[in-house]
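**Q** These are the residues of each chain, in order.
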Amino acid sequence: MTQSTRARQVGVDIQETEENRAVVEAIEADNADCAVRHMPGLVRITSPTRIVVNRESVEQRLGREWETHEFQLAIVSYFGHIAEWDDDQILIQWDH
Amino acid sequence: MAAPRKLSMKQRYAALTRDLDWDLSYVDEDTAYPYTSFEGIKIHDWSKWEDPFRLTIDAYMKYQAEKDKRLYAVLDSFAQGQGHLQLTDPSYLNAMKLFLQGVTPLEYQAHRNFAYLARFLNGPGPRFAALCQSQDELRHAQTEIHTLSNYNKYYQGFHSWNHQHDRVWYLSVPKSYFDDAVTAGPFEFLIAIGFSFEYLLTNLLFVPFMSGASFNGDLPTMTFGFSAQSDESRHMTLGLEAIKFMLEQDPDNVPIVQAWIDKWFWRGYRLLALVSQMLDYMLPRKVMSWKEAFELYFEEQMLGGLFPDLAYYGITPPRHVEHAIAEKEVLSHQVYWTLYQFSFAAGFTTTVPSEDAQKWLAEQYPQTFEKLYKPLWDKASAVVDNGGRYFYQGLPQLCQVCQVPMLFTEPGDPTTICQRHTEFEGERYDFCSDGCQWIFEREPEKYVQAWLPVHQIYQGNCGGPTVPDVLAWYKLQPGDNGEIAGNVEQTAWEAWHATSSAEEQAPAPVAGN
Ligand SMILES: [Fe+2]
Ligand SMILES: [Fe+2]
Ligand SMILES: [Zn+2]
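If you're matching them up, the sequences are chains F and X in order.
Take the position in the first sequence, starting the count at 1, then add 12; the result is the number in the working numbering.
Take the position in the second sequence, starting the count at 1, then add 1045; the result is the number in the working numbering.
What the hints contain is simulated information worked out from the structure, not anything from laboratory work.
Do not rely on the hints blindly, as some may be mistaken.
Claimed, not checked - Interface residues of chain X toward chain F, partial, derived using beta-carbon atoms under 10 Å:
(1) 1275
(2) 1353
(3) 1361
(4) 1364
(5) 1539
(6) 1541
Using N, Cα and C, we set each Cβ at its ideal position, and we do this for glycine too.
Kindly produce the complete structure, drawing on both the sequences and the hints.
**A** See below:
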């Protein structure tokens, strides 16, 4: 079964900056079930399933090359497990 | 000849981390890594340790340099643009003083112990991750000091935080917490700091502090905080990796790890008592209540998210967690009321919460504030109205383990102080809670050695027998401590704002002059 039935939230907090707006938009576009909350200085994205950050989606919105390592400049905190972090995507979800 | 192919992140990580490792031939493994067996943790295959960040030294240096560049750009513009005038209220700086006195020295301690792990863990993967964290923590210590030094030019109370960290009564809470961690073995340290502090509880410390800075006009601290916190995501990952690695390596590790989770949850939670009052009382403009932060960052994310994940390995939520949950309605009020009475001996100032603040507290804590705590503030206000200020005369009993004054109440009964005690080798030791008593009874030989500030004062080790002697030994200067109203801090703030408005009325200088 590939469909996840878990309702356990995962989330990521991202610093609110001009550049990160593209990252946040990319995450919103690629994660249909995510919720976005603005807090002082940061944006908090949560999802009942998983959060994926795709390099290509970010690059489209940023209009330049973006390597996934750059996400380190954006992330303030997260909860969940970093299940994948390679050249093309970052995936946050629980393991078990 | 084919053009050289660019390596993928995975290949680069393997090449630059593991492929640079070598098998020892002059000495055996136990001689080279003598500290990873005595705690009873069994590791069969160190290569199973994964770093999801796949961080390599070149990427690490590149992005850390970028983070520092961004921070120093903000510090420059703060200095050039008279950024200190943006503060909502001078009393906000109390939160930053507490941070500098209490947390910055811990960053340095973390730097040192991760450097030790970077040498003494057997696997190249965890050694490299520990090396990066060691450098991060040094960066945190340095950038915190540098950021807050900007306020030192204009305000009282930033001068002796490091001296105070080793001496002042409430600072023995964070100090003893970290001393406990660094005197444990490497695996326990990874659970204590890497997992419990960085993963389980860090959000409750950093995110409210930094949002508080953002909300109270303190741009440099916010920037520094987010800069540090971006490293923290890596530290959280290391903590989570560490615990999963230990649990997966051998089933015999599970009960050992569980006991460490139980211990270090409660140790960390008691330390956060200081943060709870910061959120609810010290910040002039409130971000969120302790109760809300606890529900969001701990109950929802950790109890709801993480622990079901760890249940797979047979791990259960921390012992005594139900007491922490029950306490969320009363914790911050009890802590700040105590600090209010003892701030004559603290490196920060306190005051009766304003009418607006009390209204906010009543809304956030509908079941407890008006019934239990407002009457205390009414009494304190009445004393102020009559020209006085209530300070407690005498010294408080401290908990032998967490070293917080015995101010917490019985679970479910917010009017009775909780007191536990245990006899060990003919001496009586007192505790604030079941959690602290349980921790003591696991390792009494360790905690009987605690350096308790109040006992030390009575034993004559803190500058002399009178309050002024002790305060001098703390290096507290007039204006560092006591009441906010009428303090030099407020006078300085008012003076700065008076000058700035005078300048605004003056004709603007001609460009190019
Ligand atoms: Fe740090
Ligand atoms: Fe850290
Ligand atoms: Zn205690």
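**Q** Given a cut of 10 Å on the nearest C-beta pair, is the interface hint for residue 1361 of chain X held or broken against chain F?
**A** violated (14 Å)
**Q** Answer holds if the nearest beta-carbon of chain F is closer than 10 Å to that of residue 1541 of chain X; otherwise answer violated.
**A** The hint is violated - residue 1541 of chain X has no Cβ within 10 Å of chain F, the shortest such distance being about 24 Å.
**Q** Holds or violated: residue 1275 of chain X as interface residue toward chain F, Cβ cutoff 10 Å?
**A** holds (6 Å)
**Q** Holds or violated: is the Cβ of residue 1364 of chain X closer than 10 Å to a Cβ in chain F?
**A** At about 22 Å, which exceeds the 10 Å cut-off, the nearest Cβ of chain F leaves the hint on residue 1364 of chain X violated.
**Q** Under the criterion of a CB-CB separation shorter than 10 Å, is residue 1539 of chain X in contact with chain F as hinted?
**A** Because about 26 Å separates residue 1539 of chain X from the closest Cβ in chain F, which is outside the 10 Å limit, the hint is violated.
**Q** Just to be careful: measuring from the Cβ of residue 1353 of chain X to every Cβ in chain F, is the smallest value less than 10 Å?
**A** The hint holds - residue 1353 of chain X has a Cβ within 10 Å of chain F, the shortest such distance being about 6 Å.
Violation of the numbered hints given earlier is confined to hints 3, 4, 5 and 6; the remaining hints are satisfied by the structure.
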